[in-house]
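Q: Just add 374 to wherever you are in the sequence shown, counting from 1, and you've got the working numbering.
Worth flagging that the hints you see were computed from the coordinates, not collected in a lab. Please note that the accuracy of each hint is not assured.
[Claimed, not checked] The list that follows gives simulated cross-link-like pairs (lysine-lysine, DSS-like), each with its CA atoms no further than 27 Å apart: (1) K431 <-> K506; (2) K447 <-> K420; (3) K447 <-> K516; (4) K506 <-> K520; (5) K520 <-> K420; (6) K447 <-> K506; (7) K436 <-> K447; (8) K506 <-> K420; (9) K431 <-> K516; (10) K431 <-> K420; (11) K442 <-> K516; (12) K436 <-> K516; (13) K499 <-> K431; (14) K516 <-> K499; (15) K431 <-> K520; (16) K448 <-> K420; (17) K506 <-> K516; (18) K431 <-> K450.
A quick note: this is a predicted structure, and the numbers were derived from the prediction, not measured.
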Amino acid sequence: MPKHLHIYFHTYDASWEESKHPRAANGQFGAGGATGPTAAAPTTLKGNELGDFTSMKELRQKAIAYGKQFAGKKFKNVATGNQIEVTNGGIRHTVATGHDEVLRSIPALPDLLTKARLIDSQPDKRGDPNVKAVETYSAPLKLDGKSYRAVITVKVFYDGHRYYNQGLVREGE
Numbered sequence: 375m376p377k378h379l380h381i382y383f384h385t386y387d388a389s390w391e392e393s394k395h396p397r398a399a400n401g402q403f404g405a406g407g408a409t410g411p412t413a414a415a416p417t418t419l420k421g422n423e424l425g426d427f428t429s430m431k432e433l434r435q436k437a438i439a440y441g442k443q444f445a446g447k448k449f450k451n452v453a454t455g456n457q458i459e460v461t462n463g464g465i466r467h468t469v470a471t472g473h474d475e476v477l478r479s480i481p482a483l484p485d486l487l488t489k490a491r492l493i494d495s496q497p498d499k500r501g502d503p504n505v506k507a508v509e510t511y512s513a514p515l516k517l518d519g520k521s522y523r524a525v526i527t528v529k530v531f532y533d534g535h536r537y538y539n540q541g542l543v544r545e546g547e
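Start from the sequences and build out the full structure, keeping to the hints where you can.
A: Structure (structure tokens):
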């Protein structure tokens, strides 16, 4: 390596501040960084987009019915450029495993998929040969005046990205 290039690398590295460049658990850059004015504004829902309900069973039925309008559609994630397809199976999985707030967040799904930032990518832990990777995305959400972080799981198949599941983490917890 030429001496001057070697010196350049050392000089450049000396100005690097690791704390200003957060990494995901797997060591990749991408988790954190945009906390200032460039951070995505939260998607906002009133919490009544699915209408009134008297039981969790009724709320689950309404969430599935609402989510069906997204099935088969692809949404382009701005941060990665990935086209993420929503499937009926993904909607059903989210509704079956989600609590009240997760179900009421279904109307925000297109916006969340579009705005979310990729925070992790791992091989499929079940070893499914059809799945290249399982990606985790994160997006801010304001639901009924409360701040959440939507955590979205996308399975990467050889023929595309498919929405698999969604959860919510209350901000500050």
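Q: Run every hint past the structure and note whether it holds.
A: Here is how each hint holds up against the structure:
1. K431 <-> K506: violated (34 Å)
2. K447 <-> K420: The given pair, whose Cα atoms are some 24 Å apart, holds under the 27 Å limit.
3. K447 <-> K516: holds (24 Å)
4. K506 <-> K520: violated (35 Å)
5. K520 <-> K420: Status holds; Cα separation ~10 Å.
6. K447 <-> K506: holds (21 Å)
7. K436 <-> K447: holds (19 Å)
8. K506 <-> K420: violated (37 Å)
9. K431 <-> K516: Holds. K431 to K516 sits at ~24 Å (cutoff 27 Å).
10. K431 <-> K420: Since the Cα atoms of K431 and K420 sit roughly 21 Å apart, the hinted pair holds (cutoff 27 Å).
11. K442 <-> K516: OK: K442 and K516 at ~23 Å, within 27 Å.
12. K436 <-> K516: holds (20 Å)
13. K499 <-> K431: Measuring from Cα to Cα gives roughly 31 Å; hence the hint is violated.
14. K516 <-> K499: At roughly 31 Å apart (the allowed maximum being 27 Å), K499 and K516 break the hint.
15. K431 <-> K520: holds (24 Å)
16. K448 <-> K420: holds (25 Å)
17. K506 <-> K516: violated (32 Å)
18. K431 <-> K450: violated (32 Å)
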